[in-house]
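One-letter residues, chain by chain:
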Amino acid sequence: MDLGKELLLDMYRSMTRIRLFETQVRDLATANEIPGFVHVSIGEEASATGVCAALRKTDRITSTHRGHSHLIAKGGRLDRMMAELFGKRTGYCKGKGGSMHIVDFALGILGANGIVGAGLPIATGSALAAVIAGKDDVTACFFGDGASNEGTFHESLNLAAVWKLPVVFVCENNGFGEFTPMQTVTSVKDIAVRAKAFDIPGHIVDGNDVLEVYRYASEAIARARAGDGPTLLECKTYRWEGHVVGEQAFLGSGSYRADQEVSEWKARCPLIRFDKFAAESGKISVAELQKIRKETEVELEEAVKFARESPLPNVSEVTDDVFTD
Amino acid sequence: MAVTTYIQAINQALAEEMERDPLTFVMGEDVVLSAFGATKGLIDKFGPNRVRNTPIAEAGFVGAAVGAAMAGTRPICEVEFASFFYCAFDQVCNQAAKLRYMSGGQARMPITFRCVYGAMGGAAAQHSETVYAQFLSVAGLKLVVPSNPSDMKGLLKSAIRDDNPVIVFEHGALGGHREEIPTGDHLVPLGKAAIKRVGEHVTVIAIGAMVPKAIKVADRLAKENISVEVVDPRTLIPLDEDAILSSVEKTNRAIVFDKGHLRGGAATDIAALIGEKGFDFLDGPVRRVTTLDVPIPFSPPLEKAALANEARLESAIRELVGR
Chain A
1 MDLGKELLLD MYRSMTRIRL FETQVRDLAT ANEIPGFVHV SIGEEASATG
51 VCAALRKTDR ITSTHRGHSH LIAKGGRLDR MMAELFGKRT GYCKGKGGSM
101 HIVDFALGIL GANGIVGAGL PIATGSALAA VIAGKDDVTA CFFGDGASNE
151 GTFHESLNLA AVWKLPVVFV CENNGFGEFT PMQTVTSVKD IAVRAKAFDI
201 PGHIVDGNDV LEVYRYASEA IARARAGDGP TLLECKTYRW EGHVVGEQAF
251 LGSGSYRADQ EVSEWKARCP LIRFDKFAAE SGKISVAELQ KIRKETEVEL
301 EEAVKFARES PLPNVSEVTD DVFTD
Chain B
1001 MAVTTYIQAI NQALAEEMER DPLTFVMGED VVLSAFGATK GLIDKFGPNR
1051 VRNTPIAEAG FVGAAVGAAM AGTRPICEVE FASFFYCAFD QVCNQAAKLR
1101 YMSGGQARMP ITFRCVYGAM GGAAAQHSET VYAQFLSVAG LKLVVPSNPS
1151 DMKGLLKSAI RDDNPVIVFE HGALGGHREE IPTGDHLVPL GKAAIKRVGE
1201 HVTVIAIGAM VPKAIKVADR LAKENISVEV VDPRTLIPLD EDAILSSVEK
1251 TNRAIVFDKG HLRGGAATDI AALIGEKGFD FLDGPVRRVT TLDVPIPFSP
1301 PLEKAALANE ARLESAIREL VGR
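Residue numbers (this note's numbering), protein chains in the order written: chain A, 1 to 325; chain B, 1001 to 1323.
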């Protein structure tokens, strides 16, 4: 697959926006400027980016508690995301959702979700809605290795397979469910093999290679759009940071992974991989990549400023939006 | 007007609303053949795209209804027995109920959940429970408990048109009840109670299947000149507080009569409302006549002993009015 330069640069921009946003969020949460639980996706930029780059604007996604990457990859604005993380009224959810619950219907983002595995049936239903409404929109469902042990994973894959729904199930296997190594609580080494149980295609994907993710996602999305039903993609990846920012406060001196493992995965950084590809391809110059990085730094700086300067919600808003009138 | 059963009323409401809006569809356990008859024949009118049997996988298909609603359609999702909601609690309480609020008002959640609740004879604890109280403290849901065919049709049609998640609780024992109901586009608004019988000495707030029983008791006691007013809230969320409080203001006595359990139940919730906002109207304590706080037993005499019934309502009324 020969990808156009514009698409390649878009994907680089997306990964850069995720990396810089998440690094900034980690620091702001550590400094207690962002309240609550924050889960960042540093190291997992390629899976979100490769899948969303293969989607159309009208296609939909569901996301997870570690969802900033998916929202950014689907086109989320950094300023409104940051404002939401700060609990400000200018945030995507007027400060009522926070880090784990950002939604932007205009971009087809049905939402991050604080409940592991909850997005799977919602994505399945979103795909069902396309069928009922006679549209060819596809829904991509991001979830983690942990969610693949939830009942909703099995119920959703079965339902989507039976009804041949236009949904792509994207498992980002980062090796850990909270602080528990995936292989100690999961019956299979590869989540992708679980597709067999539902008689749908399942593929193991190098989740740190944005080009490979894009290729597999494109194929699965085309299949879904053609009415041939769901696909399960397992993107093997790794989170560099802890499960939650500040997790050492919970863990004390406890540890659940070796430093060496972390450094091995850092060597497989999705952005470095892309830099190498760019250099080898000869299509993209270092200056072009640097320009994108600089622009993203400015965008992020402005996002933080926007979040800091935005007003908090008025307490009178507390009872708004429970029901649609 | 046409004579219609409670089940036929459901069927008519579904067919009319599906006719009205092509984005409305039915999904759930055995909706094609329809175990209780409520969805019978819809498959012939609307076809398999809009009438979908689901696997027995409540978390999966209830969650799918949530996603389908968020993505612009109007699902009517049947969970066969209300106790099966326990298998889908996350999807109802964490997702359907909360996502509009959590998204700052972006999500629209036009889902109607239908389920059969309550004891109907020998079904034992996992198929006999009255579970609406479990949802009372989950902000973001509407709860509907129709007590007769006319209300069933009008409330269900309103529920389907509502842009919020609404759970309609259908009592298994009411299925065959029949009465004349209005023809045409018969709508009953959510949040409006009905005075089902006018009286002077005591207000009985009866919920769902308890309404016809309360009316029977009222008829009996009328012969002794004990005048009972029966208020049917029809929806628990929203709750027509004004109708309940005005009735109590008139009669000065209140009993809440519910098929659900006592602790944390709907009767307790309504009694607290009267205690807090109607204290000055009262000549005596607010009484709650409910099912005992036990799982519903299987054996007929035990089941009978556990359930809220007419005799217990009658003695509560007699105690309260001193006759």
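Just so you know, these hints were derived from the structure itself, not from any lab.
One should not assume that every hint holds.
Claimed, not checked - Subject to a maximum C-alpha distance of 20 Å in a straight line, what follows is the list of computed SDA-like cross-link-like pairs (lysine to any residue):
{"id": "1", "chain 1": "A", "residue 1": "K164", "chain 2": "A", "residue 2": "R89"}
{"id": "2", "chain 1": "B", "residue 1": "K1192", "chain 2": "A", "residue 2": "D325"}
{"id": "3", "chain 1": "B", "residue 1": "K1045", "chain 2": "A", "residue 2": "V131"}
Stated by the list, open to error - So the derived list for chain B, only partly shown, Cβ under 8 Å to chain A, looks like this:
{"id": "4", "residue": "F1025"}
{"id": "5", "residue": "E1029"}
{"id": "6", "residue": "V1032"}
{"id": "7", "residue": "S1034"}
{"id": "8", "residue": "G1037"}
{"id": "9", "residue": "F1046"}
{"id": "10", "residue": "N1049"}
{"id": "11", "residue": "A1059"}
{"id": "12", "residue": "G1072"}
{"id": "13", "residue": "Q1106"}
{"id": "14", "residue": "S1137"}
{"id": "15", "residue": "V1138"}
{"id": "16", "residue": "R1161"}
{"id": "17", "residue": "D1283"}
Since the model is a prediction, treat every value here as computed from it, not as a measurement.
Even glycine gets a Cβ: it sits at the ideal position worked out from N, Cα and C.
Quiz item: Which of the listed hints are broken here?
Solution: The structure conflicts with hints 1, 5, 6, 7, 8, 9, 14, 15, 16 and 17, although it agrees with all the remaining ones.
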